[in-house]
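Enquirer: Following the hints, complete the assembly by docking chain H onto the known chain U.
So you can see what is in the structure, the chains are spelled out below.
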Amino acid sequence: MEFNAFFLNFLTGLQLGAIYALIALGLTLIFGTLGVVNFAHGALYMIAAYAAVLISRSMGFTYAIFIVPALLFLVGLLMERGLIRWFYDRPHTDQILVTFGLAIVIEEALKWIFGANNIPFALPSWGSGQVLFYGLGATVPEAIPGLRIPMPGIEGFTFFPFWRLLLIGVSAIVVLGLFVLLQFTRFGLVVRAGMRDPQMVSHLGINVTQKFAIVFGLAAAIAGVAGVFGGPVTQVSPTVGLAYLVPSFLVVVIGGMGSLLGALVAAVLLGMASAFTTGFAALAVDPFMKGFLTALQQIVVYLVAVVVLLVRPRGLFGKKGVFE
Amino acid sequence: MTKDIRRPTRRGLLTAGAVGAAALSAPSFFIKGAWAQEKAIGNFPRATEGSSIKFGFVLPQTGAYADEGADELRAYQLAVKHLNEGFDFDSIISDSGLSGSGVLGKKVEYVVGDDQTNPDAARQVSQRMIERDGVIMFSGGSSSATAVANQYLAQEKGVIFMNGLTHSNDTTGKDRRRYGFRHFFNAYMSGIALGPIIAESYGKDRRAYHLTADYTWGHTQYESMKASTEDQGWTTVNNIMTPLGAPDFSQYLTQVLNSDADVVILNHYGKDMVNSLTQAVQFGMRDLQKNGKDFQIVVPLYSELMAEGAGDNIEGVYGTTNWNEKLPDAGTKAFVDAFVADYDRPPSQAAQTAYVQTLLYASAAERAGTFYPPEVIKALEDFEFTGIGSEGPMLYRGADHQCFHDVLVVQGKPPSERADQHDLLEIVKVVPRADIEYDPALPAFGGEQADLGPYEPA
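Protein chains in written order, with the numbering used here: chain U, 1 to 324; chain H, 1001 to 1458.
Isolated chain U (complex conformation) (with noise of 0.2 Å):
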């Protein structure tokens, strides 16, 4: 593969895990904090996606990227408080038909609402474009727009779209973000605390309920920010929710449940698989690689999750005796 190719793919790859990685956040966070397998985080991504086209449309883009995750703040914290909490002490599997329950109603809501088919989610217009990577000594036609990276390696051109790109920084962005409010701040301590040990906590005079419902809004709000900038990408339709539930779950699962960390690495870890898998099958020259090349390109995710689960049962980063 030359390098252009490898680059190409590699963004590609981190683009695939970024949008995973958003996902799988909440969904890990949730878990990690209250316990909770949400099937329905792929439905709340989905509620936001929509939220953002609709915002988007009639007021701008920019206030999307406010108003979306704040929204789903709210819907996060009322799933909550009206549904979610009931089932704290019910077994996983109850938790998982009744998030997968809701699930289902919200695609079907959405698909009433709106139809089953795609809305337009048009990119506004300081997003949309290319961004070109030039070798060192190539030079690049001055009629070609975009923004202009130099990029040893290359040779003479190529690009990517700047949305995706700015998905990549988003991602990044809100990974460091949450991390830094669960290291460094007085919330964090008490909601890493209350992950190790909650009736400790409570004993101290501690509103562990309180801070456990933020942190599900938080997560619902990880979904948002998924959402706004991840919907024109993954495009907004009713079975986008269920569509990255899936691979999102596995991301978990590889990661290890319940850790932020195990979500990232397996995030971009699914995303280069699902990229270079498709790069070799595009360059295989026989036919019967290229056909098996195909083939695995379309189950390399699930693939992956087997041999890490075989191999480490509780997931990359997973505590001992979590899920294994």
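Hints in this document: simulated from the structure, not taken from any laboratory.
Cβ coordinates follow ideal geometry from the N, Cα and C atoms, glycine included.
It is possible that some hints are incorrect.
Said to hold, decoys possible - Which residues of chain U face chain H? A few of them, derived with a C-beta cut under 8 Å, are:
hint: 1; residue: K111
hint: 2; residue: I113
hint: 3; residue: G115
hint: 4; residue: I119
hint: 5; residue: Q130
hint: 6; residue: Q210
hint: 7; residue: Q235
hint: 8; residue: A243
Expert: Just chain H, lined up with the frame of chain U:
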């Protein structure tokens, strides 16, 4: 756990064998009039003895093609209403024999089922319609995978299936069945119609990269487009199969960018088409220059309902359709007016084929004078008619049950030229029937081995 697995026992095997043998020999000595000319086949004559008959409409009401299914259902309801209450049938099908008081004097009723765009679900729903509801004909579907499943079921049960939207060559190719009929055009015709036009617009020296939906329709669509563009002098750089329903095509589009191709052909339909097209535009493919030429995107089969979802991205993109509501013929006008009057929106090509198929079956029964399936089939085979959507006569070819009529090459309209939200496509060329006819024994259609099967199912 192995002890819980049920193994076939010798006794069980013998019983099953005996029951099977009895069942196989049953028709010849239990059924009254078995040797008469009109044997009991499928739901005939049982389901035709009352004052009404039932059609079964099996369509996607959930899943990726739900909106296409909804439009087909509108068309089926309109067709049933017209059959029972009367319409200007001859504008749709010349000498249809239809009276407007049901079919053969029997009022038409219908049942509806959801195939979820899934062949297993389709088979289950259709089987229930045949066995429990006693339908005399069933129709529908919006995917070639369900179409093929339904055709095999039709042949097995001896109940005629009139295909809805299915574009794979296989439906009237290697999987053609005596009890299955297709009015919709196919991937091969799209290739023949589209090849010369894109070669004329984009030049003969082009290098094409294909992205293809990984199931029966996508495969035949790719083969057909490859053959027809290579006939025009194009080179096929590569093809990648993509899983049906992928939300993000970025890893596939990256490979297109990485190649020396200057055209991408998206063998995708429905939601896949909207996603891959939108994302190809995001990847700058519309503004790209390769090999000193403007990069081009081609979508061989347009889905009008879904094109709305692609927004402005369809501008200038070539594709084909079976029919369009703006055609000038009297049949199209009559159908569109009736549809708009009832539903306040123009019909899609899915609706058109669904409507025409229902009327074609009814007309065949009228002309045959019976619901006896072999006679109805014979009335459809090599039936030539004029009417909706074609300037010259149309033909339901007997050899493979493919209907031949004009097909359209279309191009996405720029937003500034659209009259309303449904006005998305410009008709570039009406390709006459004669140009898209082919030998039914072509290798792409199963070759000499392809066989319709018997008139009287075993």
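Enquirer: Each hint needs a verdict: does it hold in this structure or not?
Expert: Hint by hint, here is what the structure shows:
1. Look at K111/U: its Cβ gets to within about 7 Å of chain H, closer than 8 Å, so that hint holds up.
2. Against a cut-off of 8 Å between C-beta atoms, the interface hint on I113/U is violated, since the closest Cβ of chain H lies about 13 Å away.
3. Interface hint status for G115/U: upheld, as the beta-carbon distance to the closest one in chain H is roughly 6 Å, under 8 Å.
4. Because the smallest distance between the Cβ of I119/U and any Cβ of chain H comes to about 6 Å, under 8 Å, the interface hint for this residue holds.
5. A distance limit of 8 Å between C-beta atoms decides the matter here; for Q130/U the minimum to chain H is near 5 Å, and the interface restraint holds.
6. Interface restraint check: Q210/U against chain H, minimum CB-CB distance 36 Å, threshold 8 Å, status violated.
7. With 8 Å as the threshold, the beta carbon of Q235/U comes within range of chain H, its nearest partner Cβ sitting at about 5 Å, so the hint holds.
8. Taking 8 Å as the C-beta contact cut-off toward chain H, the hint placing A243/U at the interface holds, the least distance being around 5 Å.
In the structure shown, a violation is registered for the earlier hints numbered 2, 6, in ascending order.
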